[in-house]
Amino acid sequence: MPILSVSGVSRAFGGVQALQDCSLEVAEGSIAGLIGPNGSGKTTLFNVVTGYVRADQGTVRFREKEITGLKPNQVFALGIGRTFQLTRIFERLSVLENMLVATQRREGWLRGLTRSKSSPEEVSTALELLDFVGIAGLAELQAGALSYGQRKLLELAYVLVADPQVILLDEPAGGVNLTLINRIAEKIRALNAQGKTFLIVEHNMEFVMSLCDRVTVMHQGSDLVSGAPEEVRRDPRVLDAYLGGGDDELEEVAGG
Amino acid sequence: MSGSALTYAIIDGVLTGSVYALMATGLTLIFGVMDIINIAQGIFVVLGAYLSYEIQLHWGIDPFVGLLITIPTLFVVGIVVERAFMSRLKGPEKTAMSILVTYAVSLLIEGSLNMIFSVNDVQINAWYVNRSFKLFGVYFAYIYVFGFILAVVLLTALWALLYRTRFGASVRASLADQTAAALIGINVRRVATICFGIGTAVTAAGGMVFGATNAFNASSSYDLISRLLTIIVLGGMGSLGGALVASIGMVMLEDVVGVVWSPVWSTMTFFIVLVIVLSLRPQGLFGKQLARTA
Amino acid sequence: MGHWSRAVWVLGLVALALFPVVVTSPAYVAIGVFTLIYMACASSWNMFSGYTGYIALGSAVSYGVGAYTMALVSIHANMAPGAAMFWLVPLGGLVASLVALPIGAIALRVRRHTFVVITIAIFFVFQLTAINAGFTGSTSGLILPFISWNESYYNVPFYYVALGLVIFATILSALVRRSRFGLQMLAIRDDEDRALGLGVRTTSVKLTGFALAQFTIGMAGALYAMFVGQIFPQFVFDPLFDVSIALMAFLGGLGTLAGPLLGALILESFQQWLTLTFSNSSLYLILFGALFLLVILFMPQGIVVFIRDRVTRRAAREKAAVAAAETTLAGSRA
Ligand SMILES: Nc1ncnc2c1ncn2[C@@H]1O[C@H](COP(=O)(O)OP(=O)(O)OP(=O)(O)O)[C@@H](O)[C@H]1O
Ligand SMILES: [Mg+2]
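Residue numbers (our numbering), protein chains in the order written: chain A, -18 to 237; chain B, 97 to 390; chain C, 10 to 343.
I should point out that these hints are in silico values taken from the structure, not numbers from a laboratory. Any given hint could turn out to be false.
As the list claims (entries may be wrong) - Heads up, simulated SDA-like pairs for lysine to any residue below, C-alpha to C-alpha not over 25 Å straight-line:
id : chain 1 : residue 1 : chain 2 : residue 2
1  : B       : Lys186    : C       : Lys328
2  : B       : Lys186    : A       : Glu72
3  : A       : Lys52     : C       : Asp202
4  : B       : Lys190    : A       : Leu91
5  : B       : Lys190    : A       : Glu72
6  : B       : Lys186    : C       : Asp202
7  : A       : Lys52     : B       : Val373
8  : B       : Lys230    : C       : Thr33
9  : B       : Lys190    : C       : Lys328
10 : A       : Lys52     : A       : Ser(-14)
11 : A       : Lys52     : C       : Ala220
12 : B       : Lys190    : C       : Leu216
13 : B       : Lys186    : C       : Arg121
14 : B       : Lys186    : C       : Leu302
15 : B       : Lys186    : A       : Tyr129
16 : B       : Lys186    : A       : Gly125
17 : B       : Lys230    : C       : Met88
18 : B       : Lys186    : A       : Ala126
19 : C       : Lys328    : A       : Arg92
20 : B       : Lys186    : C       : Ala220
21 : A       : Lys52     : B       : Arg377
22 : B       : Lys190    : A       : Ala126
23 : B       : Lys190    : A       : Ser75
24 : B       : Lys186    : C       : Leu306
Unchecked claim - If the Cβ cut is set under 7 Å, some of the chain C residues that face chain A in the computed set are:
id : residue
25 : Phe155
26 : Ala183
27 : Arg187
28 : Arg189
29 : Leu192
30 : Leu195
31 : Ala196
32 : Asp199
33 : Asp200
34 : Arg203
35 : Gly208
36 : Met308
37 : Ile316
38 : Arg317
Ideal Cβ positions, reconstructed from N, Cα and C, are used throughout, including at glycine.
This is chain A alone, in the form it adopts within the complex (with noise of 0.2 Å):
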């Protein structure tokens, strides 16, 4: 039984057929990938599982529950967790206050009007998935003044706060150096022995590969190929997809 499961899901926009029957599934406990040219529809994916985009058709399953149609909050509240392509952090509050801001998943709204704004648990929580991701000397730093690479890994500590059981990142690795590269990745294995179940778009196809258990490779809104990584390698669909996209990581996944 997959943890995560789309089927059939479709979403234009205006002329533009971002997705187009895409079906995907996560096994639980595993590290999905996600891969495909500029504009194959990943995000978009991303955002129709998470709520904040609404699918034209198909449906969405988490667990045995479908989540079709959710909100972000409900989803959220489910425990599905996701990042941004284009990192979003609350730039005016401090880095621990970013981290507080996800602390609880289903907290009623009017506990919030009487509880102060973190319990020393949550503090501590908060401080130490900050550790975890080596910014705990930033935790008092505006958020805004962080560097690039520092805010992926808060908008990855955030992530985690609340205890999601399924990831969704996307493009964590992007425009990041190799050192943070692999401790992202090495970070994503430590959450991974767990019992985190991730899914991750990324176009850094070393990085995919060695990470995850199964590929999903888009094509133009829908799912081309699943499988492990090398016979996604190896598919000659695969080759063709990136060709006629035109894109540059046709040499990392043909030589990769």
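Fit chains B and C with the ligands to the known structure of chain A by using the hints.
Frame of chain A, contents of chains B and C with the ligands only:
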């Protein structure tokens, strides 16, 4: 409702509505290009009206001819305000700040106009204000038609500027996406300044017609700005076509309510329609949905 | 909170509490009452608009609703004129909050730029209704039960009730800022969609904050009505009120605790003094506009942030100087 009331509403909607469209276009253009909500647009209209009034009073120049003076004057006023204040607004609270800054500009001008002209109402006078003619069985003063023609001419000119010139292409690029426009080498700052100037300049014409069709003083600006804001929100902020449709539609509706029910409540229709439309379509009639999903 | 800022808060409170004792002239105490009313409103406005970034320009709706609650209830319940009427002040706040719920439910569906405009539109709906409806007394207004306190101390009870409102609004703002609810409002200010995706129920949070902020403003309106004894729709539903309290908050420092209080203190006492001295409202408009523009140009973050930055920068500079001196010293010793 009698047939003539409906005829009146339709004709007035088109005639008066197009003048509002002209003023609202300036406002929505400024918002679209600069993310600035220009509360001072109302007082600029009144300023335009006073200028036309004074030019006619002291130099005996016909208000329509006087536009040759008042339009450039308000263009310069716009440029000065933009350079002095708007260009300094930055950061995440830019739009909010712009509302308050333009409000402050508005208060400054309102206070000055009150001191210069007193708070007694005046109205621009000319033969076309007093004389009427029959149109489909309803009487209209000539000024309504002249004002309509003026608005159409200026809106067409504006349209030509936006869709037929190189500068217009930069403006439209900036309307669509300011960051992208800057990236492809458009000088968004200069485009913004000129747009602010143009957005203000149109109020000279709008103000002249307003001042000839209404008795006004400086505080007429409140009524004007609330209508103009309603119109651009209803049409979808930043949408030029939306401003036109909303202007004409709102004036028609106001006339119908005024005749059928009572003029007292007709102004209120404006706001009630806005509230209803926005509860159904938060982005306005022609607005684009703005939500970041990347 | 540092020692210094705590001292400033205490000093400010003591000064405000002693003001009517020291300055006994009724005219000046009256200025004090108006100033305190605006301080409470600006602080409360900031608690929603400053924290969430949703600039509301229709606060006069709450002010007017509070004022009319006071007027209508005291008139129709045949209340004995006097201190008992103060009990209607919280009622005014409550009614204002209740009225704010449907307004907020509509206005908060739209994004922040549109929100500003829709609050203005809703304001005009209320103003026009109040001017044209019968029960508001139309343009001739309503006269409240006449309170026949001695002229020399008539203003004093109002002064202290108003001060109570200011303290209430300030404490509420501080508590909200410390609560999770406050954190959620700040998150909404920075990135509303992202906050939603992290489990923040943005709609409920905004609506609650909005209604809560109207409570103090409604109370202030009720107090105002009782204080002046006669209200007119065009004065309690005044567009200048809407923008004044927003300007006050910006002037002092949007989103800060002390800023709106300071901004209101400066602007309102200035305006009252000006009207008293010149009785020329046009001059006030000009000065008000000019002052605000100057502040925007020279301290766009508001007075409080401006001062705070100066102080911290100076402290940093001094620290750096000391550190430099120490290294030089160490160097020369070596
Ligand atoms: N909100 C939107 N409005 C209009 N079009 C959109 C929107 N979101 C996505 N699209 C379009 O849908 C298509 C798929 O975009 P998507 O962002 O999902 O691609 P992607 O696979 O994530 O690409 P990349 O690798 O470049 O991030 C693109 O053509 C894009 O322009
Ligand atoms: Mg993408």
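Consistency of the hints with the structure:
This hinted pair does not check out: Lys186(B) and Lys328(C) have alpha carbons roughly 31 Å apart, beyond 25 Å. In summary, the hint linking Lys186(B) to Glu72(A) is supported, as the alpha carbons are separated by about 15 Å, within the 25 Å threshold. Distance check on the hinted pair: Lys52(A) and Asp202(C) sit about 11 Å apart at the alpha-carbon level, within 25 Å; holds. A C-alpha spacing of about 32 Å is found between Lys190(B) and Leu91(A), which places the hinted pair above 25 Å, so the restraint is violated.
Note on Lys190(B) and Glu72(A): the hinted pairing holds, with a Cα-Cα distance of about 15 Å set against a maximum of 25 Å. A hinted pair counts as satisfied when its Cα atoms are at most 25 Å apart, and Lys186(B) with Asp202(C) qualifies at roughly 22 Å. For the hint pairing Lys52(A) with Val373(B), the CA-to-CA distance comes to about 23 Å; that is within 25 Å, so the pair holds. For the hint linking Lys230(B) to Thr33(C), the alpha-carbon distance of about 68 Å lies beyond 25 Å, and the restraint is violated.
Between the alpha carbons of Lys190(B) and Lys328(C) the distance comes to roughly 34 Å, so the proposed pair goes past 25 Å and is violated. A hinted pair counts as satisfied when its Cα atoms are at most 25 Å apart, and Lys52(A) with Ser(-14)(A) qualifies at roughly 18 Å. Taken as a hint, the Lys52(A) and Ala220(C) pair is honoured in the structure, with Cα atoms around 24 Å apart against an allowance of 25 Å. The suggested pairing of Lys190(B) with Leu216(C) holds, with an alpha-carbon distance near 23 Å, which does not exceed 25 Å.
A threshold of 25 Å between alpha carbons decides the hint, and for Lys186(B) with Arg121(C) the separation of about 17 Å falls inside it, so the pair holds. Distance check on the hinted pair: Lys186(B) and Leu302(C) sit about 15 Å apart at the alpha-carbon level, within 25 Å; holds. Restraint check: the Cα-Cα separation between Lys186(B) and Tyr129(A) comes to about 21 Å, which is no more than 25 Å; the hinted pair holds. For the proposed pair Lys186(B) and Gly125(A), the alpha carbon gap of about 15 Å is at most 25 Å, so the pair holds.
Between Lys230(B) and Met88(C), the direct Cα distance comes to roughly 60 Å. Violation of the 25 Å bound is thereby established for this hinted pair. Taken as a hint, the Lys186(B) and Ala126(A) pair is honoured in the structure, with Cα atoms around 17 Å apart against an allowance of 25 Å. Straight-line distance between C-alpha atoms of Lys328(C) and Arg92(A) comes to about 43 Å, which puts the hinted pair past the 25 Å bound. Of the pairs offered as hints, the one joining Lys186(B) and Ala220(C) is violated, with about 30 Å between alpha carbons and a cut-off of 25 Å exceeded.
Between the alpha carbons of Lys52(A) and Arg377(B) the distance comes to roughly 18 Å, so the proposed pair stays at or under 25 Å and holds. Annotation: proposed proximity of Lys190(B) to Ala126(A) holds, straight-line Cα distance about 19 Å (limit 25 Å). Of the supplied pair hints, the one linking Lys190(B) and Ser75(A) holds, its CA atoms being roughly 22 Å apart against a limit of 25 Å. With a C-alpha separation of about 12 Å, the suggested pair Lys186(B) and Leu306(C) falls inside the 25 Å cut-off, and the hint holds.
Nearest Cβ of chain A to the Cβ of Phe155(C): about 40 Å, over the 7 Å cut. The hint is violated. Proximity of Ala183(C) to chain A is violated relative to the hint, the smallest CB-CB distance being about 12 Å (cut-off 7 Å). Below 7 Å, beta-carbon pairs count as interface contacts, and Arg187(C) has one with chain A at about 6 Å; its hint therefore holds. Hint status for Arg189(C) relative to chain A: holds, with the closest Cβ pair at about 4 Å, below 7 Å.
Checking Leu192(C) against chain A by beta carbon gives a least distance of about 5 Å; that is within 7 Å, so the hint holds. Nearest Cβ of chain A to the Cβ of Leu195(C): about 6 Å, under the 7 Å cut. The hint holds. Annotation: interface hint on Ala196(C) holds; nearest CB of chain A at approximately 5 Å, less than 7 Å. Contact between Asp199(C) and chain A, as hinted, is supported at the beta carbon level, the nearest pair being about 4 Å apart and thus within 7 Å.
About 5 Å separates the beta-carbon of Asp200(C) from the nearest beta-carbon of chain A, less than 7 Å, and the hint is met. A distance limit of 7 Å between C-beta atoms decides the matter here; for Arg203(C) the minimum to chain A is near 4 Å, and the interface restraint holds. Taking 7 Å as the C-beta contact cut-off toward chain A, the hint placing Gly208(C) at the interface holds, the least distance being around 5 Å. Interface restraint check for Met308(C): the shortest CB-CB distance to chain A comes to about 18 Å, outside 7 Å, so the restraint is violated.
Annotation: Ile316(C) was flagged as interfacial toward chain A, and the flag is violated, the nearest CB pair being 19 Å apart, outside 7 Å. Below 7 Å, beta-carbon pairs count as interface contacts, and Arg317(C) has none with chain A, the closest being about 14 Å; its hint is therefore violated.
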